Amino acid sequence: MKRVRLLSGVRVTDFSTAYAGPYAGKLLGDLGASVIHVETAARMDIMRNYPPYGAAEGPDRSGSFASLNRNKRGITLNLKTAGARGVMERLLRSSEVLIENYTPRVLPSLGFDRERVRALNPQLVYCAMPGFGTRGPYRDYRSYGPTLEGQSGIAFMTGYEDEPPLRMGCSYPDMVGGVTAALAVLAALRRARLTGQGAFVELPQQQAAAALTGIAVTAWTVNRRLMGRLGNGHPWWVPHGIYRAAGEDRWLAVVVRDDTAWALLAPLLGLPAMTHAERRARRGEIDAALGRFAASRDADAAAQELQALGLEAQAVRTALDLAADPHLAARGFIETIDHPTIGARPYAGPPWRITGAETEPHRPAPRLGEHTEEVLAELGYDGAAIVALRAEGALR
Amino acid sequence: MSRRPTNLAGDGRPLAGLRVLDLSRELRGAFCGRLLGELGAEVLLVEPPGCGNPWRHVGPFAGDDEHPEKSLFFLYYYAHRRSMALDLATPRGRQILERLAARADVLLHDLAPAQAAAAGLDLEALARASPGGPSRLPRLIVAAVTAFGETGPDRDRVGGDLIANAAGGLAALTGDPARAPLRPGGDQGEHVAALHAAVAVLAAVLAREAGAPAARVDVSAQEAVASVLENAMEFALMDGRAVARQNGRHPISWPGRVFPCRDGSVVISCGSAAQARACFTLVDDPMMAADPVLEDRDVRRAHADRLEARLIQGLRDRDADDLFHRGQALGIPIGVVHSAESLLLDAQLQSADFFRTPSHPDVGPYVEPGAPFRLDSAPPAHTPAPRLGADTAAVLDELQIDAAAQQDLRRAGVIG
Chain A
1 MKRVRLLSGV RVTDFSTAYA GPYAGKLLGD LGASVIHVET AARMDIMRNY
51 PPYGAAEGPD RSGSFASLNR NKRGITLNLK TAGARGVMER LLRSSEVLIE
101 NYTPRVLPSL GFDRERVRAL NPQLVYCAMP GFGTRGPYRD YRSYGPTLEG
151 QSGIAFMTGY EDEPPLRMGC SYPDMVGGVT AALAVLAALR RARLTGQGAF
201 VELPQQQAAA ALTGIAVTAW TVNRRLMGRL GNGHPWWVPH GIYRAAGEDR
251 WLAVVVRDDT AWALLAPLLG LPAMTHAERR ARRGEIDAAL GRFAASRDAD
301 AAAQELQALG LEAQAVRTAL DLAADPHLAA RGFIETIDHP TIGARPYAGP
351 PWRITGAETE PHRPAPRLGE HTEEVLAELG YDGAAIVALR AEGALR
Chain B
1 MSRRPTNLAG DGRPLAGLRV LDLSRELRGA FCGRLLGELG AEVLLVEPPG
51 CGNPWRHVGP FAGDDEHPEK SLFFLYYYAH RRSMALDLAT PRGRQILERL
101 AARADVLLHD LAPAQAAAAG LDLEALARAS PGGPSRLPRL IVAAVTAFGE
151 TGPDRDRVGG DLIANAAGGL AALTGDPARA PLRPGGDQGE HVAALHAAVA
201 VLAAVLAREA GAPAARVDVS AQEAVASVLE NAMEFALMDG RAVARQNGRH
251 PISWPGRVFP CRDGSVVISC GSAAQARACF TLVDDPMMAA DPVLEDRDVR
301 RAHADRLEAR LIQGLRDRDA DDLFHRGQAL GIPIGVVHSA ESLLLDAQLQ
351 SADFFRTPSH PDVGPYVEPG APFRLDSAPP AHTPAPRLGA DTAAVLDELQ
401 IDAAAQQDLR RAGVIG
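For the protein sequence lines, the chains are A and B, in the order given. Mapping the first sequence onto the working numbering, position 378 (from 1) lands on 378, and the numbers just tick up by one. Mapping the second sequence onto the working numbering, position 15 (from 1) lands on 15, and the numbers just tick up by one.
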């Protein structure tokens with residue numbers, strides 16, 4: 001079967017910086033869209049200033065930037081010049097999608113407010129990703145992933161049992177804002193293709209994260225009970241935990257959902273058959289028994305043993321473990337991309353395999369302004385026009 | 001690709017007219033179905049007659065009443081769907097499934113390959129049974145959202161959120177390095193698997209609607225979690241370095257953590273020296289605000305213990321809301337750590353009319369989070385989670401199975 005790029009022919013203008021916006025563009029690029037990342041040299045994408053750098057530092061060497069912007073081309077525009085604004089107009093006219101994650105004042109201040117963008121291209125799907133909203137009392141407030149982890153209700157549920165809330169180990173709202181934006185864009189794109197009408201998609205990153213609080217709001221309103229910190233425990237299932245295994249910082253996760261699963265695990269722990277209610281009442285005793293079970297075992301071997309019985313178990317993996325994980329290697333999750341400055345290095349995923357589709361990475365992240373001339377030529381600028389734009393300072 | 005203006009079916013939502021057959025049993029499949037349904041897809045959940053979907057039996061329950069229509073998990077994750085009670089362990093049940101697959105656009109499931117085989121589900125056959133129109137190209141997009149993906153040595157391992165967080169590297173990054181790795185609160189591993197799956201499914205839908213054959217989508221929860229570790233994978237893959245658990249501190253920026261205050265907690269996450277200085281201005285500590293160690297990111301981190309003790313002292317007797325508004329006025333990226341109770345009172349979310357108050361026949365009115373985005377300012381419609389088998393008869397009518405045949409199927413326990 002001939003393999004296709006699923007989003008072949010979809011041009012995305014990725015006018016975004018840092019994490020959330022670029023991650024949305026990355027996912028669309030991974031699915032085969034033609035993504036053009038727009039930066040300005042005076043204020044380049046802030047991820048270019050983020051480690052790791054490998055052998056040497058430099059704006060084209062950030063591993064984080066390289067990962068978030070693979071499968072994209074990059075151009076630099078100084079939108080304070082008339083020439084660059086003209087380029088942006090042509091870019092938007094030729095795009096199906098615009099993604100931006102600046103504060104709500106930035107695009108209008110550069111001459112691209114929502115109405116103007118719509119007038120330029122009525123079929124465009126324009127996805128704005130403000131921190132809090134384009135309107136409302138906090139519209140000008142600052143937000144970063146970690147602050148939204150608090151302001152969305154997620155951090156309140158993260159932490160050891162009955163202890164204060166903790167940030168999780170990543171700026172989670174950044175990534176979920178990005179993947180939610182990719183979802184919104186594709187849904188709006190379907191509607192645009194079927195109706196000929198574009199869309200303005202407003203995706204406040206606070207709301208993207210607050211939409212991931214699951215049952216917490218309902219539990220409060222219906223039962224007047226807050227879903228607080230449970231450590232690794234679960235509001236219903238027992239046991240449900242992470243237990244120290246043999247070796248340095250090695251851990252085993254185990255979950256039992258029902259009596260059938262407990263009947264398989266209990267003999268290994270030297271414990272009797274118990275109903276769900278009994279397991280809940282004897283949680284401390286069960287956790288202690290699992291702690292003893294795990295302590296003398298290799299976490300991977302124990303997980304293998306329990307999974308072979310049909311139980312949910314898994315050794316806790318670090319990112320370093322994942323980089324060398326034979327399962328992920330067999331699935332092709334770790335792929336090598338050659339980058340002109342960084343060289344060839346492995347990259348992680350996308351988290352999907354799609355039969356019949358070409359999903360391998362097809363280009364490394366752009367060096368600053370690498371594709372400016374190439375993209376301008378596609379937009380109809382000839383050599384002399386590009387020289388003139390450069391002289392005007394439009395292409396920095 | 002068709003650019004011809006047409007009307008979308010139904011209510012004009014972006015996925016109107018898209019039929020999703022939902023065989024999910026895990027939160028990742030359930031949430032993926034919810035996301036598609038919220039966007040207008042017509043999602044049909046197939047559940048076993050009698051006991052129904054397993055989440056109907058997972059607490060907490062509304063009013064602590066252990067009733068299969070009152071599980072809060074089912075209520076939230078299975079909204080935006082219809083329900084059909086159909087026994088797939090029977091040959092006649094599988095025949096009906098085949099007919100449902102033949103008219104569906106997407107078959108969504110979360111079974112590991114061995115589980116699907118044990119359940120007697122031949123997904124390849126279902127896909128083959130759905131040639132689409134005159135092109136005869138396969139029409140059905142089969143999407144599997146499994147714990148470890150459908151290939152590779154670990155493909156038949158099972159698990160839900162805790163396993164995904166353990167396997168995908170997020171638990172190892174969360175919590176105190178001296179204690180157990182932590183699962184983040186609220187089933188986030190399942191959520192990111194569902195979100196990435198919905199993206200891949202929609203890309204496959206767009207490609208198929210533009211004339212490509214139906215793709216088969218294989219999404220791994222482990223890989224979805226490994227995709228949201230911020231830059232931990234880059235440190236591992238590029239530098240061979242592990243990012244250790246930081247007990248809630250940001251690994252690069254300072255300050256970047258939750259701070260207790262008088263009536264709760266706030267999160268502060270500063271990227272610049274000016275922001276770090278402003279934190280001490282916020283707590284009326286001008287001497288610290290002028291401390292030269294604040295000037296450089298790496299120097300701030302090196303002095304984090306001393307700086308943090310001082311900041312904690314300054315913050316602890318103040319109110320979260322006051323710190324939030326004054327901090328923002330000073331340019332500090334600061335947020336309130338909302339409980340569900342204070343989240344409902346957040347002025348921004350209220351002004352956006354974010355929360356919804358649907359009503360369920362057995363639970364009554366309740367509140368849940370709204371959609372994460374708006375298309376042209378329109379809030380999406382809401383359909384509460386279906387009662388077990390609520391739509392069985394209507395769906396069989398659509399398949400033109402007559403009343404007598406339905407009665408026979410019901411007596412035989414094939415439907416419920």
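No lab work stands behind these hints, which were simulated from the structure alone. Predicted model only: the values in this text are computed from it and were never measured. Check the hints yourself; a few may be wrong.
A partial selection of chain A residues facing chain B, derived with a Cβ cut-off under 8 Å [what the hints assert, rightly or not]:
1) L7
2) Y50
3) A56
4) Y102
5) T103
6) G133
7) Y138
8) S143
9) Q207
10) A219
11) F293
12) F333
13) A344
14) P361
15) H362
16) Y381
Just the calculated beta-carbon pair ranges, DEER-fashion [as the list claims (entries may be wrong)]:
17) A:E248 x B:S359: 48 to 58 Å
18) B:A302 x A:P326: 31 to 41 Å
19) B:H67 x A:G270: 28 to 38 Å
The beta carbon of each residue, even a glycine, is placed where N, CA and C say it ideally should be.
Status of the hints after comparison with the structure:
Taking 8 Å as the C-beta cut-off, the interface hint given for L7 of chain A holds, the closest approach to chain B being about 6 Å. Proximity of Y50 of chain A to chain B holds as hinted, the smallest CB-CB distance being about 7 Å (cut-off 8 Å). Interface restraint check: A56 of chain A against chain B, minimum CB-CB distance 12 Å, threshold 8 Å, status violated. Given hint, Y102 of chain A at the interface with chain B, is violated; its Cβ is 15 Å from that chain's nearest Cβ, farther than 8 Å.
Below 8 Å, beta-carbon pairs count as interface contacts, and T103 of chain A has none with chain B, the closest being about 12 Å; its hint is therefore violated. The closest approach between the C-beta of G133 of chain A and any C-beta of chain B is roughly 6 Å, which is under the 8 Å cut-off, so the hint is satisfied. Against a cut-off of 8 Å between C-beta atoms, the interface hint on Y138 of chain A holds, since the closest Cβ of chain B lies about 4 Å away. Given hint, S143 of chain A at the interface with chain B, holds; its Cβ is 6 Å from that chain's nearest Cβ, closer than 8 Å.
With its C-beta approaching chain B no nearer than about 5 Å, Q207 of chain A sits inside the 8 Å limit, and its interface hint holds. At a threshold of 8 Å, the smallest CB-CB gap from A219 of chain A to chain B is about 6 Å, leaving the interface hint in force. Hint status for F293 of chain A relative to chain B: violated, with the closest Cβ pair at about 15 Å, above 8 Å. Hint status for F333 of chain A relative to chain B: holds, with the closest Cβ pair at about 5 Å, below 8 Å.
A cut of 8 Å between beta carbons decides the hint on A344 of chain A: the least distance to chain B is about 11 Å, and the hint is violated. The beta carbon of P361 of chain A is not positioned within 8 Å of any beta carbon in chain B (closest approach about 13 Å), and the interface hint is therefore violated. This hint is violated: H362 of chain A has a C-beta 15 Å from the nearest C-beta of chain B, more than the 8 Å allowed. Look at Y381 of chain A: its Cβ only gets to about 26 Å from chain B, farther than 8 Å, so that hint breaks.
E248 of chain A and S359 of chain B have their C-beta atoms about 53 Å apart, which keeps the hinted 48 to 58 Å range intact. For A302 of chain B and P326 of chain A, the Cβ-Cβ distance of about 38 Å falls inside the hinted range of 31 to 41 Å, so the restraint holds. A beta carbon spacing of about 35 Å between H67 of chain B and G270 of chain A agrees with the range 28 to 38 Å that was offered as a hint.
Comparing the model with each earlier hint shows violations of hints 3, 4, 5, 11, 13, 14, 15 and 16; every other hint is respected.
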